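> Whenever a hint applies, use it, and build me the whole structure from the sequences.
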Amino acid sequence: LTFAANGWVEPATAPNFGPLKVFYPGPGHTSDNITVGIDGTDIAFGGCLIKDSKAKSLGNLGDADTEHYAASARA
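Quick note on numbering: the sequence shown equals residues 69 to 143 in the working numbering.
These are computed hints drawn from the structure, not numbers from a lab. Since this is a predicted model, take the numbers as computed values, not measurements. Worth double-checking, as some hints may not be accurate.
Restricting the straight-line Cα-Cα distance to at most 16 Å, the calculated cross-link-like pairs of lysine to aspartate or glutamate (EDC-like) are [said to hold, decoys possible]:
1) Lys89 <-> Asp107
2) Lys122 <-> Asp110
3) Lys89 <-> Asp110
As structure tokens, then:
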């Protein structure tokens with residue numbers, strides 16, 4: 069996959085997942101985490117980048133980029 073500067077996967081390299089679009093918000097829980105959103109909606113799956121509000125920690129941060137984590141989660 070190739071990602072544009074805005075984080076969205078370049079159309080020429082995008083797999084066909086129907087309405088699902090692949091997005092790279094930047095480094096966070098891992099340096100290479102990607103997310104998936106449903107085109108034309110505000111619905112997205114953030115995977116391990118997003119934690120439950122009841123979580124007491126961010127979990128294992130061994131591969132995390134804690135400097136950019138918050139900005140990536142907001143993207």
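> Is Lys89 close enough to Asp110, meaning Cα to Cα at most 16 Å?
12 Å, holds
> Hey, Lys89 versus Asp107, does the alpha-carbon distance stay inside 16 Å?
6 Å, holds
> Is the straight-line distance between the alpha-carbon of Lys122 and that of Asp110 16 Å or less?
23 Å, violated
Violated hint: 2 only; the structure is consistent with all others.
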